[in-house]
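Starting from the given sequences, assemble the full structure and let the hints guide the process.
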Amino acid sequence: MFINAIQIGMADYKVAKTPEKLATIGLGSCVAICVYDFENKTGGLAHVMLPDSTIAKEVKNPAKFADTAVPMLLDEMGKLGSLRRNIHIKIAGGAHMFSFKTRENVLNIGARNVEIIERICKQEGINIIAKDVGGNCGRSVLFDLATGIVYVKTINQGVAEI
Amino acid sequence: MKIEDLNSTQLDVLKEIGNIGSGHAATALSQLLLDKIEMTVPNVKILPLEEVSNYLGGAEELVVGIYMKVFGDAPGKLMYIFKNGDAQKLVNMVADSNLLEMEHYQDYEQSVLEEISNIMTGAYLNALTKLTNLTMLSSVPAYSCDMAGAIINSALLDLGMLGEYALLIETRFSTTTQQLDGDFFLIPDPGALEVILEALGVE
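Residue numbers (our numbering), protein chains in the order written: chain A, 1 to 162; chain B, 1 to 203.
It is worth saying that the hints were derived from the structure and are not from the lab.
Incorrect hints may appear among the rest.
Stated by the list, open to error - Lysine-lysine pairs mimicking BS3-like chemistry, simulated, CA-CA at most 27 Å apart:
(1) K79/A <-> K60/A
(2) K130/B <-> K69/B
(3) K45/B <-> K57/A
(4) K2/B <-> K69/B
(5) K57/A <-> K131/A
(6) K83/B <-> K69/B
(7) K60/A <-> K45/B
(8) K69/B <-> K57/A
(9) K60/A <-> K2/B
(10) K2/B <-> K36/B
(11) K77/B <-> K2/B
(12) K83/B <-> K153/A
(13) K2/B <-> K57/A
(14) K83/B <-> K130/B
(15) K89/B <-> K57/A
(16) K60/A <-> K77/B
(17) K36/B <-> K15/B
(18) K153/A <-> K17/A
(19) K36/B <-> K89/B
(20) K77/B <-> K89/B
What the hints assert, rightly or not - Just a sample of chain B residues kept apart from chain A, beta carbon distances all over 10 Å, derived:
(21) D5
(22) Q10
(23) G23
(24) L49
(25) S174
(26) T175
(27) L197
Computed from a prediction, not measured in an experiment: that's the story for all the values here.
Beta carbons are placed, not taken as given, at the ideal position from N, Cα and C, and that holds for glycine.
Now the structure itself:
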């Protein structure tokens with residue numbers, strides 16, 4: 001099902017129109033941000049790695065960070081003619097792949113990624129209408145621009161729709 | 001020190017560190033399995049973060065990963081990657097019986113692989129400690145059986161990740177009798193490279 005889709009790598013993004021499908025595979029703590037314009041049936045997907053771009057000296061690639069990827073995707077959607085009120089977001093990923101048995105669980109990047117995306121979306125006034133995040137399993141995502149449905153595949157639970 | 005600025009002498013030294021460390025780790029594994037272990041000459045790879053999982057194989061391939069942190073003077077991360085079937089072979093070799101049919105097999109697998117990683121890592125870091133006089137200690141191991149991309153990227157990333165590149169000192173090992181391969185990585189933090197090189201008197 002992922003074969004005829006536009007593949008998006010880590011720290012990368014694409015925007016496209018129906019009937020395209022966007023896909024990204026092997027998300028661990030990374031998060032797929034799926035932006036959808038339900039009027040124009042256009043959408044964008046970014047595969048973000050880290051929560052906060054302010055730690056970097058310069059941000060060469062806005063798709064790498066959660067806080068810069070959301071505004072960038074919204075800009076790109078604007079260029080495709082989308083109105084903010086027609087846009088919603090779905091997210092998947094942000095798992096915690098390795099849990100140590102000791103107390104040392106301090107740096108949970110997955111949860112931080114999700115938290116920052118939620119905060120930025122709130123600031124931008126965009127609704128996150130569905131999410132499949134957290135837990136300890138890897139995910140692959142297929143985003144169908146004809147319907148806006150996001151298919152989330154995991155090794156143990158098969159394919160879920162959000 | 002920026003990873004992408006390392007010169008060839010410095011890379012050779014890091015390769016030699018991998019060589020010494022994994023030689024000891026292979027000996028430890030060999031004693032554990034009572035089998036001959038073959039090991040490749042270590043490979044030092046400098047890759048953009050987003051390309052690491054592609055380099056290591058398909059992002060969606062099912063693998064077993066064991067992840068440990070290195071603390072002390074030269075901090076970093078350690079990672080073992082086995083293809084799913086190879087992880088099971090290794091567990092059966094250590095147990096000297098077929099555990100696959102047992103109830104709670106996954107628990108045995110996790111426990112056995114974590115212990116193997118502990119033993120190999122101990123040997124690896126001990127060798128480096130003797131060589132450099134630096135303190136290097138490992139955390140308890142953490143196990144995950146999932147998509148390769150998800151495992152590798154999650155192990156690689158941490159919140160303080162400033163650089164664009166990762167440096168991996170990679171060794172592949174295999175057992176001859178069972179056709180079993182494993183991949184072992186030492187991923188020094190960028191700050192640790194300077195400490196290691198300095199300890200060995202390399203400018």
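Identify every previously stated hint that the structure contradicts and give their numbers, smallest first. 5, 10, 14, 15, 24
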